[in-house]
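J.: For reference, the chains in residue letters:
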Amino acid sequence: MIEVDHLSKYYGPVTAIRDLSFSVAQGEILGFLGPNGAGKTTTMRILTGFMPASSGRALVAGYDVFTQALEVRRRVGYLPENVPLYPEMTVSGYLHFVAEVKGIASRRERLHHVGSLMELCGVHEMQRRLIGNLSKGYRQRVGLAQALLNDPPVLILDEPTVGLDPRQIIDIRQTIKNLRQNHTVILSTHILPEVGMTCDRVVIINGGQVVAVDTPDNLTERTQPYRAVSLEVQGPEEAILAHLQGLPGILNVAKNGASPSGATLYTLSTTKERDMRAEIAQAVVQQGWQLLELRAVRLSLEEVFVQLVTEEGETHA
Amino acid sequence: MRSTYAVFKREVKAYFTLPIAYVMMGGLLLIVGLLYYLSFHWFLNMSFEAMRNPTMASDLDISSMVVGATISTIGVVSVFTLPLLTMRLWAEEKRAGTVELLLTFPLSDTSIVLGKFLAGLAVYMVFLLLSACYPLLAGLYAKLDPGPILAGYLGTLLLGATLFALGFLCSTWTENQIVACALAWAGFLFFWLIGHAAEFAGGDFGKILTQLSFAKHHENFAKGIIETQDVAYFVLATVFCLFLTLRSIESTRWRG
Chain A
1 MIEVDHLSKY YGPVTAIRDL SFSVAQGEIL GFLGPNGAGK TTTMRILTGF MPASSGRALV
61 AGYDVFTQAL EVRRRVGYLP ENVPLYPEMT VSGYLHFVAE VKGIASRRER LHHVGSLMEL
121 CGVHEMQRRL IGNLSKGYRQ RVGLAQALLN DPPVLILDEP TVGLDPRQII DIRQTIKNLR
181 QNHTVILSTH ILPEVGMTCD RVVIINGGQV VAVDTPDNLT ERTQPYRAVS LEVQGPEEAI
241 LAHLQGLPGI LNVAKNGASP SGATLYTLST TKERDMRAEI AQAVVQQGWQ LLELRAVRLS
301 LEEVFVQLVT EEGETHA
Chain B
318 MRSTYAVFKR EVKAYFTLPI AYVMMGGLLL IVGLLYYLSF HWFLNMSFEA MRNPTMASDL
378 DISSMVVGAT ISTIGVVSVF TLPLLTMRLW AEEKRAGTVE LLLTFPLSDT SIVLGKFLAG
438 LAVYMVFLLL SACYPLLAGL YAKLDPGPIL AGYLGTLLLG ATLFALGFLC STWTENQIVA
498 CALAWAGFLF FWLIGHAAEF AGGDFGKILT QLSFAKHHEN FAKGIIETQD VAYFVLATVF
558 CLFLTLRSIE STRWRG
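These protein sequence lines map, in sequence, to chains A and B. When we follow the numbering used here, the leftmost residue of the first sequence carries the number 1, and every step to the right adds one. When we follow the numbering used here, the leftmost residue of the second sequence carries the number 318, and every step to the right adds one.
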């Protein structure tokens with residue numbers, strides 16, 4: 001649905017993105033991650049037909065974003081980062097304007113579309129208010145509503161949950177998830193757990209280049225240099241440490257404080273080749289110690305992100 | 318066509334809700350009204366003089382001395398006040414960031430520019446219609462020939478279109494409305510006053526300068542004369558400025 005092919009953009013001497021390539025399949029939700037200034041917004045602006053790229057090509061719904069910009073814009077709903085809306089218009093007045101601009105011809109159809117979207121995005125009770133008087137959260141929702149108007153097959157959302165309260169964030173995430181069936185979505189965010197919750201695939205960019213493209217699960221798996229296991233055992237600490245250290249395949253054992261129940265917590269790093277949870281459990285139980293908990297620990301997406309982004313930074317430096 | 322209309326409607330509404338239009342029209346009508354009163358008063362004094370000195374009476378003509386003069390006045394006052402209407406057209410969108418959404422809606426640049434330009438011009442036409450109350454007032458006391466008045470208004474509308482297009486162009490160069498306003502003022506005054514430079518330049522160069530002047534072309538209309546060259550001047554200047562505006566917006570896109 002979206003093909004980005006060796007895209008570069010320079011602002012004078014400054015390189016915003018360099019040789020960026022990725023693709024998004026129909027019906028997929030793609031998370032777009034990267035530190036500030038990585039080129040996320042630039043990429044999104046090129047995909048929405050707001051600005052042309054310096055070199056490379058991008059196709060959205062089969063149309064070239066540069067040579068067939070109007071066709072692309074007809075099929076893309078865009079929510080920019082700062083949600084720029086006209087402050088002197090009312091919510092419903094603004095949405096009617098957008099509906100008209102997006103080519104919903106008949107007045108009755110416009111009323112229907114705008115009404116149902118105001119309901120969906122939770123701005124129905126605010127429809128007569130001036131946009132300038134709305135809180136950030138409501139403006140964000142009006143922004144989302146205008147992006148969804150005329151049901152575009154592709155949605156490009158730049159940080160859609162910024163400025164919302166937790167309750168609203170959950171609502172918006174659910175709304176985005178529900179769009180999955182017949183929409184292709186690219187969403188950028190700083191909130192990493194959000195990506196794990198909503199996205200099918202993640203593109204991490206840094207310094208204008210792609211550093212990783214994968215599903216959130218594969219990313220955490222791939223980046224982890226070893227497997228980690230967390231253990232809660234009741235028994236003599238010194239003996240336990242020594243015994244676990246002696247097992248083949250264990251790289252490191254560290255005490256990790258006490259649990260509320262009075263037992264001790266340990267963190268083990270084990271070889272990446274095989275899952276050692278069963279062996280560890282057996283070893284502990286055979287010694288007559290009480291095993292209270294044992295679970296595999298995964299790197300969080302935050303850790304993956306920081307690792308990928310700093311690695312990249314180091315190789316560049 | 319429909320999208321041009323949507324942009325047009327939004328802009329006109331913005332002019333009236335932001336209340337720029339009301340303030341502008343109020344101010345303009347007040348200034349024009351004052352100057353109209355002064356010229357009417359002067360004409361009355363002249364008429365009293367004429368009663369004692371009948372040879373003067375044949376020179377008195379309310380159409381040119383009061384109505385024509387007022388139409389010239391509207392032209393001059395427009396030069397000073399229209400930048401206040403044009404400065405927001407693009408600078409405000411840039412400052413507020415709304416240009417990002419506007420340029421990603423399925424609208425061609427041409428329909429955005431035309432919509433905005435026509436909206437400004439529509440507001441100006443409302444002002445012109447309201448200002449027609451002055452000639453109508455004069456019409457209560459004297460028999461007026463509608464031809465020259467209509468010609469004068471046509472010329473003023475054409476002048477307004479040119480000023481709007483030039484002001485719009487200035488507005489695309491900056492995101493600061495005050496800068497846009499100052500640029501437009503400089504541009505308007507330059508082309509208004511350039512005719513005066515002709516007196517010093519003389520010769521063929523002087524003729525070219527005269528032909529470039531807004532004032533010179535507007536003058537004929539105010540006298541009630543519609544000349545093809547004057548119409549062509551304003552129409553071409555408007556189209557040229559709108560063309561440059563389009564190019565300027567395109568360049569904004571590239572620079573992001």
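It is worth saying that the hints were derived from the structure and are not from the lab. Every residue gets a Cβ at the ideal spot worked out from N, C-alpha and C, and that includes glycine. It cannot be assumed that every hint is accurate.
Unchecked claim - Chain A regions said to be covered by chain B (calculated; three or more residues, Cβ under 8 Å):
| hint | stretch |
| --- | --- |
| 1 | 36-50 |
| 2 | 264-275 |
Claimed, not checked - Capping the alpha-carbon separation at 20 Å, the derived lysine to aspartate or glutamate pairs in EDC-like fashion look like this:
| hint | chain 1 | residue 1 | chain 2 | residue 2 |
| --- | --- | --- | --- | --- |
| 3 | B | Lys326 | A | Glu81 |
| 4 | B | Lys326 | A | Glu88 |
| 5 | B | Lys411 | A | Glu81 |
As the list claims (entries may be wrong) - Quick list of simulated restraints, FRET-style, between CB atoms:
| hint | chain 1 | residue 1 | chain 2 | residue 2 | range |
| --- | --- | --- | --- | --- | --- |
| 6 | A | Phe66 | B | Leu454 | 55 to 65 Å |
| 7 | A | Gln127 | B | Ser425 | 23 to 33 Å |
| 8 | B | Gly519 | A | Arg57 | 54 to 64 Å |
| 9 | A | Gly37 | B | Ala413 | 21 to 31 Å |
| 10 | A | Ser21 | B | Ile525 | 49 to 59 Å |
| 11 | A | Gly12 | B | Leu351 | 50 to 60 Å |
J.: Compare the structure with each hint and give your call.
T.: Each hint, compared with the structure:
| no. | hint | verdict |
| --- | --- | --- |
| 1 | 36-50 | holds (count 5) |
| 2 | 264-275 | violated (count 0) |
| 3 | B:Lys326 x A:Glu81 | violated (27 Å) |
| 4 | B:Lys326 x A:Glu88 | holds (14 Å) |
| 5 | B:Lys411 x A:Glu81 | holds (15 Å) |
| 6 | A:Phe66 x B:Leu454: 55 to 65 Å | holds (58 Å) |
| 7 | A:Gln127 x B:Ser425: 23 to 33 Å | holds (30 Å) |
| 8 | B:Gly519 x A:Arg57: 54 to 64 Å | holds (58 Å) |
| 9 | A:Gly37 x B:Ala413: 21 to 31 Å | holds (23 Å) |
| 10 | A:Ser21 x B:Ile525: 49 to 59 Å | holds (56 Å) |
| 11 | A:Gly12 x B:Leu351: 50 to 60 Å | holds (51 Å) |
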